[in-house]
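As you go down the protein sequences, you meet chains A and B in turn. FYI, the numbering for the first sequence is -5 to 381, going by my numbering. FYI, the numbering for the second sequence is -5 to 453, going by my numbering.
Hints were generated in silico from the structure; no laboratory data involved. Where hints are given, some of them may not hold.
What the hints assert, rightly or not - Below are the BS3-like pairs computed for lysine-lysine, each with C-alpha atoms no more than 25 Å apart in a straight line:
#1 B/K273 - B/K116
#2 B/K325 - A/K(-4)
#3 A/K76 - B/K306
#4 B/K76 - A/K76
#5 B/K116 - A/K78
#6 B/K210 - A/K78
#7 A/K76 - B/K325
Listed below, chain by chain, are the residues.
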Amino acid sequence: MKYAEILHRCFRCGYCKLPGNYVDFNCPAYAAFRFETYSPGGRMWLLRAWLDHRLEPSRRFQEILFSCTACGNCVEQCALTKIKDELLLAFTAGKAELVDAGKVPPAVGDCLTKLQKYGNPYGISRKKRADWTAAAVELFSDQEFLFFPGDVGAFDSRGREIARSVATLLTRLGVSFGILGEREVSDGNEAHAMGESELFRLLAAENIEQFNERGVKKIIALSPHGYNALKNEYPALGGAYQVFHYSQILAAHAGRLSVKDNPGKARVTYHDPCYLGRHNREYGAARKVLAALPGVEVREMDRCRQDALCCGGGGGNLFSGILANGPESPARNRVAEALETGAAILAVSCPGCAVMLEDAVKSSNLDQRLQIKEISEIVNERLDGRN
Amino acid sequence: MDNISEVLAEIVGPEYVSDFPEEKYIYSMDPGTMPACEPDIVVMPGSTEEVQKIVQAANARRVPLVPLGAGLVLSGLSRALKGGIVLDMKRMNRIVEINEVSRYALVEAGTSQGMLQAHLKKHFPNLKHSVPDAPPAATIAGNVSIHGSGHMSHAAGFHSDMLNGLEVVLPTGEVVRIGSCAVSPYWFARAPLPDLAGLFLGWAGTTGVITKLAIKLYPNYPLNDVGVFVCEDASLMPDILYRITGTQVAEDVTAWMTPKPDWAAGFLHCNVNYGAQTKNELIWKRNLIRAAVENYIDDKTGGFLPLPGMMKQRFLEAPNRQLAQFADVRKGGGFEYVGAIMPAELFPEAYELGLDIAQKLAVSYSMGCRIIGVNHSMMFYYAYAFNRADPDDVARAQGALEETNKRVLALGGVPWKAEAPAQREILHKMDPNMVEMMRRVRSVLDPNGIMNPGNWEGI
Chain A
-5 MKYAEILHRC FRCGYCKLPG NYVDFNCPAY AAFRFETYSP GGRMWLLRAW
45 LDHRLEPSRR FQEILFSCTA CGNCVEQCAL TKIKDELLLA FTAGKAELVD
95 AGKVPPAVGD CLTKLQKYGN PYGISRKKRA DWTAAAVELF SDQEFLFFPG
145 DVGAFDSRGR EIARSVATLL TRLGVSFGIL GEREVSDGNE AHAMGESELF
195 RLLAAENIEQ FNERGVKKII ALSPHGYNAL KNEYPALGGA YQVFHYSQIL
245 AAHAGRLSVK DNPGKARVTY HDPCYLGRHN REYGAARKVL AALPGVEVRE
295 MDRCRQDALC CGGGGGNLFS GILANGPESP ARNRVAEALE TGAAILAVSC
345 PGCAVMLEDA VKSSNLDQRL QIKEISEIVN ERLDGRN
Chain B
-5 MDNISEVLAE IVGPEYVSDF PEEKYIYSMD PGTMPACEPD IVVMPGSTEE
45 VQKIVQAANA RRVPLVPLGA GLVLSGLSRA LKGGIVLDMK RMNRIVEINE
95 VSRYALVEAG TSQGMLQAHL KKHFPNLKHS VPDAPPAATI AGNVSIHGSG
145 HMSHAAGFHS DMLNGLEVVL PTGEVVRIGS CAVSPYWFAR APLPDLAGLF
195 LGWAGTTGVI TKLAIKLYPN YPLNDVGVFV CEDASLMPDI LYRITGTQVA
245 EDVTAWMTPK PDWAAGFLHC NVNYGAQTKN ELIWKRNLIR AAVENYIDDK
295 TGGFLPLPGM MKQRFLEAPN RQLAQFADVR KGGGFEYVGA IMPAELFPEA
345 YELGLDIAQK LAVSYSMGCR IIGVNHSMMF YYAYAFNRAD PDDVARAQGA
395 LEETNKRVLA LGGVPWKAEA PAQREILHKM DPNMVEMMRR VRSVLDPNGI
445 MNPGNWEGI
């Protein structure tokens, strides 16, 4: 197994379980299950024990490995500077070993099969990939940007609303963009995080071929997960583009938004998505957009920016659901934290986070107290007709 | 154990009980060198009532019960030496009350040092608690119950000295409150009542399960500074420590000696941490400390290190996350840690002892001490790094640990948070009447011998 040589070097000091300010647990799987096995250190030692034939790759073992959301909190907080950057790589390598051995939780296997068969984890025909669009969105030809909605934006009902909202706002701002439509396949970020590197390569190669055929130079990703794969993983496979997350494009236009005279007041807190924040160090863009909106007061949660708690959807967990249920689920934990700020709106910039957090609001019966809104939705509500 | 597994699941919910091989494996050991001992079940209670029911169930079936905090003691005190149930307390992590005026915090036993630190910083920035050098995941109850020490220990003693009161579930299932909380809604002190808290401090979880505790809080100064006094002669250290602590202006006085980095090798460093409300007060304290050791500065046998800003910041950080990096010295994720409580005048001998063992057994070491009270005692530590993937290296660290314990005892010190073999060494040296009294106390409190059996036994 790759990175096997670092597994025993973990001291299990537990910094990885916490945010930098120690305010609460911040490893989503550990916070949800509370057994030491689900902590990053526990995973390291379990992997070592498996490689040493002291443990079998049982269903429990698989669930522990795949409950990792790849959120990167452990990398951020690990006290061992010489191995910290390889922690997630080691977990992904462990998952890859399980994938190769055919020892994965059924929901993970199902997700990977659908990715392979349909090019998306929903198992929906790729012909429906452009069904999210409002009528005005054009196919990519010679526009400045390719807009890449990703799987959640293309297929999930809430994700589609967000994709439409972002596309509408980009249009209102005069951004020139087109889409690939049914030529697009999954960005592969989740396959990669679930250890299916070969599947990731196949998906990426298909997208890269389409991008290159059409002369794509600049890409706007809807999902931070897609943004991460396109920006950081595709170049090694021959796909080097200028990649932006849509919040970065909105931030560039923040000073030119023409807002209604009396848009009303709103108290908002912002949830940093892991693949935008910890993985790509983008903490300012969404905040810049929100700060440009008159009447919007932003209140930060204790766990924000590099200390943000993951919604529990990363690493394929949005589709496998390993972390989705229970009173201690990261998403329920997160909406409770958002409420503590006094905010009535929890703003997100990731369709996956929106899905996870909205489910948590419903299961916590907080619908009347907290709304999940994606940042373009908040902006669209407040723009006057001049944009 | 099938029957008790179902009973436990009914008490806490099935999601918080495990007899899966994965949990049994991870909970069989801590990061130190003690051999693995698998529990039969791991359970995570969420309230005192649940702990009570678990203890009653275990006692009725005579099943061993091992309370666990963060599992960072490094001496294997939370291993299930005789199987049974490991009681992971970390779900019980509510901060129940902060009494700002009487300066105490009432917390559940699974509350971590970091969580209380963060809570105080946010809601009571003028207060702090004494933070140990353990990582922030360490629990407050765990550290108090092993007589830990920390960043207020020069000013206020062992962490067990900072304890105001306890709620404990006895091995027979009764819930007992100890201290002022036994007769008052306030958890302000253990005095003036008969002090029963000692029945649960230093006993390695063999007398009951702590479920809540109140600890003292202290003013959190807005201005803080540290001076690092350096000399090369260990025989001078008792006098240097005596003089510095005699000023009574510091909060924390610690010494450290390490062969790495190179610039530190061969020197004895003494960190003096102090705080103040105003700049003038800070300068006054700095001058007092300096004046206390001026003779050594004048004759050039010692002096204060000029500290770059970053280094000063690191020395002021509590806890200092760099300490965990010692585990990676041998690229092996391990260090063993012998703390010995001893009189401060034994510093030179304690230091020589550590050097001798490290040289003899070829182990990577770090040594130091924390002064407890006004030089009333010191916790002298010997940390030996090891590579857990190399059995020979683990054995070497274990050997160093054993020899250090023996020689510390011979010197007149007492190993701290002693692992089971060291507990036996201590018992052999202990006044036989104290040994007998410990046995009697335990048999009264725990007639069925369910609490962490294998600890404080063996003679």
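Do the hints match the structure? See the list:
1. For the hint pairing B/K273 with B/K116, the CA-to-CA distance comes to about 24 Å; that is within 25 Å, so the pair holds.
2. For the hint pairing B/K325 with A/K(-4), the CA-to-CA distance comes to about 17 Å; that is within 25 Å, so the pair holds.
3. For the hint pairing A/K76 with B/K306, the CA-to-CA distance comes to about 23 Å; that is within 25 Å, so the pair holds.
4. At roughly 37 Å between alpha-carbon atoms, B/K76 and A/K76 are farther apart than 25 Å, so this suggested pair is violated.
5. For the proposed pair B/K116 and A/K78, the alpha carbon gap of about 28 Å is over 25 Å, so the pair is violated.
6. Taking the CA atoms of B/K210 and A/K78, the gap is near 36 Å; set against the 25 Å cutoff, the hint is violated.
7. Straight-line distance between C-alpha atoms of A/K76 and B/K325 comes to about 9 Å, which keeps the hinted pair within the 25 Å bound.
The structure is inconsistent with the numbered hints 4, 5, 6, although it conforms to all the rest.
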